[in-house]
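Starting from the structure of chain A, add chain W where the hints point.
Chain order of the listed sequences is A and W. The numbering of the first sequence is UniProt numbering, which starts it at 1 and goes up by one. The numbering of the second sequence is UniProt numbering, which starts it at 1 and goes up by one.
In case anyone wonders, no lab produced these hints; they're calculated from the structure. Nothing here was measured: the structure is a model prediction, and the numbers come from that model. Beta carbons: idealized from backbone N, C-alpha and C, even for Gly. Take these hints with a grain of salt, some might be off.
Unchecked claim - If you anchor each label on the Cβ, the simulated ranges turn out as follows: (1) A109(W) x V278(A): 35 to 45 Å; (2) V131(W) x V282(A): 24 to 34 Å; (3) V53(W) x P186(A): 26 to 36 Å; (4) T162(W) x L66(A): 27 to 37 Å; (5) L42(W) x L195(A): 10 to 20 Å; (6) M37(W) x H147(A): 45 to 55 Å; (7) V53(W) x H147(A): 15 to 25 Å; (8) V278(A) x R134(W): 46 to 56 Å; (9) S188(A) x V53(W): 28 to 38 Å; (10) I220(W) x R11(A): 19 to 29 Å.
As a plain string of letters, each chain reads:
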Amino acid sequence: MSQADPSGLGRARAVGFVLPGLVLIGVFLVFPALWTIYLGLTDYRLTGLAAADPQVVGVDNYTTALGDERFRNSLWLTLQYVLGSAVIGQAVLGFAIAWVLRNRPGPVKRITEGLVLLAWILPSSVVAFLWIALLDRDDGTLNTLLHTPGFAWLLDYPMLSIIVFNVWRGTAFSMMLYGAALENVPPSHLETARLAGASTLQQLRDVVFPRIKGHVLTNLLLISLWTFNDFTSFQLTAGGPEGRSEILPVYIYNVALSGGQLGFGAAISFLVLLINLVFAFVYLRLLRDRRKVVVP
Amino acid sequence: MTRGEPEESAETRRPKRDEGRHRRVEPPAGRAGGTAMTRHVLGTIGRATFLAVVLGFFSLPLLWLASAPFDAHPSITTSLPEFTFGNFRSLLDNPYVVSSLRNSLLQAAGSAVLVVVLAALAAYALSRVRVPGRDALLYVLLLLSSVVTGTAAMVPLFELATRLNLIDTHLGVVLTLSGGLLPAAIFILKDFMDGTPTSYEESARVFGASPLQILRHIVIPLVRPGLATIAVWAVANVWGSFLQPFILLRDPDKAPGAVILYTLYTEGGAPRLDLISTFSLLYSLPVVVMYVFVSRRYGFRFHGGIKR
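Chain A extracted, bound-state conformation (with noise of 0.2 Å):
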């Protein structure tokens, strides 16, 4: 007893204890994740005949959704905007920068992480509208710089825009983690392999990447997940012009809620739902071998 339960807890107070916890996630977590399936094989909608009683369709709304050139779209969009802003864009960006500034103490340091940091601490609403300021057609900032007044950013390149957003969103987490994983390689590796004549290349490839080879694998499976379910640049673009920008999280919103086919758009949801479990399993493999929790 003592062994087990040193603070006299007991096991019918300690269910107690986390039972409140546990019906919260129950409800709030865990059944809608459940509810999305059955919802998903229903032809349930927000208002008409099918929304006062909503008929099982089976796979309909998955073959449905297979066949479609929006969703199919929508899905090349994702792909582009993970591989491009998350994998591509703040995992190198976030690693260069990390590199740059490693043992390099001072201002700089300071004024360029802090820099980072505040474009990801920013709640999301607010960084939407500055990018928006930044960006604007008539009168935008970027427009008054590069002296193009007129070029409509957002209606011209979305998926570019939403891309480099992205990128300036979320680099700083890439920052961090490669900046903690940088301290595990011994600086005196470095100076042998320069010694020996190695370029900044070859140093990377073979002094640096094989100790944070897990380091990186931990990053781009946290960032691409993120990436994968973040809605912020619904209040970019929301998804327009003409779909151009709709990422798969904007479509669902755009299908289920604006348009109100709840059925069709918790079929979509529950894909979201599956891609996200094979990032997370392949995460917490990770996590189980070396001990180390980020959380979202």
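Chain W in isolation, oriented as in the chain A frame:
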């Protein structure tokens, strides 16, 4: 992840010294010395250019937030302001703005209290009583919280809130967001609890303290940094979240600042830039202040990276 200043300088001084020594033993003349010199100069120029570009890229969008709120005639272009605090006064005269700040505060505080209390209770019990399958349960919960995102559960959350009559209520937003934050909160707090010695509790028990008394007078004070971290983390999360209040609240009187800000410039026709910019700044301040507070006081980062 943020290390203390002394540690940082000790760690970073070493490579610099090596660099200096290396330069001294370098051959003063000849091809090899020349190329190394060129490489060094090019590297320095390259690094400086890169940092300048990074600084420009990250500060450019932020400039507007720093200038427009104080500008008497703000435009969407960043410019040197005609300095005024008048925008703040007109902001506070706007009824939506004031009520939305109150709503944000209510929802953030409500969620933080709920998450801290429920997570502390659960984490304490899970830390002290050995239940079979405890670690597996924690991992499954953590997995779920990162998988069942607002995006993936948009439809059922909306449906659930509708059926429970939680649409257009603060409680609906608080419960939905807390459900998502709890697993990670329990996980982190259990870690803090595991790190505190049980001997105090054992002696308190000998003197006849009840489990709740032990929790309140012994355990809570010991894990206060953990509780503060979780509270700040929850507040920051709820303060910035947009999707859940956006779909769960139809009534603008209930909407938090994050949603009101969005509607101010999308549905208002000509956006009132003085209001929006000033409100943006005001809305960002608490998050920034909390961030600075936590990273100064407890020395590690919240809102994304907690390392153990």
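For each hint, the structure was consulted:
no. : hint                          : result
1   : A109(W) x V278(A): 35 to 45 Å : holds (36 Å)
2   : V131(W) x V282(A): 24 to 34 Å : holds (27 Å)
3   : V53(W) x P186(A): 26 to 36 Å  : holds (30 Å)
4   : T162(W) x L66(A): 27 to 37 Å  : holds (29 Å)
5   : L42(W) x L195(A): 10 to 20 Å  : holds (18 Å)
6   : M37(W) x H147(A): 45 to 55 Å  : violated (39 Å)
7   : V53(W) x H147(A): 15 to 25 Å  : holds (19 Å)
8   : V278(A) x R134(W): 46 to 56 Å : violated (26 Å)
9   : S188(A) x V53(W): 28 to 38 Å  : holds (31 Å)
10  : I220(W) x R11(A): 19 to 29 Å  : holds (22 Å)
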